[in-house]
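Participant: Between the sequences and the hints, there should be enough to build the whole structure, so can you do that?
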Amino acid sequence: MLEECFDTDVLDYFPIRDGLKASSIGLRKLPKDKLKDPRNFIFQIDEFFAHYRKNKIECRKEKLCKYYQVVAPAPQELIQFFLDTLLDEYPQSFKLTRLEKNWQFECLLSKETLVFDEKLNLLEAQSKYERDEVGGPYVDAWDALSMQVSEDLVLQKVPGNERDFTQVIHLCHANGWSAEGAVGQSFDKIHEDVPGINKLIPDSRKILSAILRSEHTMERVGALQYRTSGELNRHPQISRADLNQDFDL
Numbered sequence: 001m002l003e004e005c006f007d008t009d010v011l012d013y014f015p016i017r018d019g020l021k022a023s024s025i026g027l028r029k030l031p032k033d034k035l036k037d038p039r040n041f042i043f044q045i046d047e048f049f050a051h052y053r054k055n056k057i058e059c060r061k062e063k064l065c066k067y068y069q070v071v072a073p074a075p076q077e078l079i080q081f082f083l084d085t086l087l088d089e090y091p092q093s094f095k096l097t098r099l100e101k102n103w104q105f106e107c108l109l110s111k112e113t114l115v116f117d118e119k120l121n122l123l124e125a126q127s128k129y130e131r132d133e134v135g136g137p138y139v140d141a142w143d144a145l146s147m148q149v150s151e152d153l154v155l156q157k158v159p160g161n162e163r164d165f166t167q168v169i170h171l172c173h174a175n176g177w178s179a180e181g182a183v184g185q186s187f188d189k190i191h192e193d194v195p196g197i198n199k200l201i202p203d204s205r206k207i208l209s210a211i212l213r214s215e216h217t218m219e220r221v222g223a224l225q226y227r228t229s230g231e232l233n234r235h236p237q238i239s240r241a242d243l244n245q246d247f248d249l
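The opening position of the sequence shown corresponds to residue 1 in our numbering, with each subsequent residue numbered one higher.
Calculated from the structure, these hints are not laboratory results. Be aware that one or more of the hints could be misleading.
[Claimed, not checked] Derived BS3-like pairs (lysine-lysine); straight-line CA-CA distance at most 27 Å:
1) 111 - 101
2) 32 - 206
3) 128 - 32
4) 63 - 36
5) 29 - 199
6) 189 - 206
7) 157 - 189
8) 189 - 32
9) 54 - 128
10) 29 - 111
11) 128 - 157
12) 111 - 54
13) 101 - 128
14) 61 - 111
15) 61 - 36
[Stated by the list, open to error] Label pairs and their calculated CB-CB ranges:
16) 195 - 104: 43 to 49 Å
17) 124 - 91: 32 to 38 Å
18) 102 - 229: 38 to 44 Å
19) 192 - 27: 16 to 22 Å
Predicted, not measured: the structure shown is a model, and the values here were computed from it. Ideal Cβ positions, reconstructed from N, Cα and C, are used throughout, including at glycine.
Facilitator: As structure tokens, then:
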């Protein structure tokens with residue numbers, strides 16, 4: 001159980017022996033030969049996967065729209081990227097098979113099979129479980145794929161000369177913010193209450209544009225937390241008293 005082992009830093013991103021580091025934007029370019037080192041993967045799937053998925057299922061059962069919000073569906077290119085990345089990084093856990101007109105994506109960890117059409121729209125989700133056991137039917141392809149990884153996922157759209165905004169947000173491991181509150185909002189609006197944000201990121205549009213223009217995939221490793229509770233859902237509507245904790249840094 002997670003409660004018996006609080007150190008979920010499986011890949012040692014934040015070794016305590018190095019002491020606590022000052023807050024920073026923490027952007028890092030992922031090398032193109034990323035498959036040689038799990039620390040360079042886009043997704044991290046480890047021994048705590050079942051715990052993360054269980055929390056996502058509990059959120060879905062409570063009220064899906066509280067944790068998944070969409071302004072416009074994720075584009076086909078990103079669905080394809082999602083599938084390709086999981087197949088590249090975890091070939092032992094995922095399998096893609098071409099059917100007559102569709103695609104079948106087997107997710108061995110969740111024991112689910114997702115069926116997509118040629119444009120990667122979700123057609124069906126097959127499972128050994130009843131749909132009410134996993135929080136009801138999936139809304140779309142992004143919703144279904146988000147349930148196959150540990151991480152929460154946010155798509156931030158950055159138009160040419162217009163304000164950036166959150167297009168899709170799948171947020172079940174919320175820590176003081178929510179999908180309903182962040183959807184459609186700019187990066188600056190979402191982070192306005194973060195202490196020292198103006199010093200860390202004085203010009204968010206410049207940074208977002210630089211990330212998009214980069215030839216490398218960018219990773220942010222700039223946050224560290226210590227908790228006395230293994231609760232992952234810290235939605236702002238949940239009182240701190242209900243989280244059964246003594247401190248949270």
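Participant: Starting from the hint list further up, note which numbers the structure goes against and sort them upward.
Facilitator: 3, 4, 8, 10, 11, 15, 17
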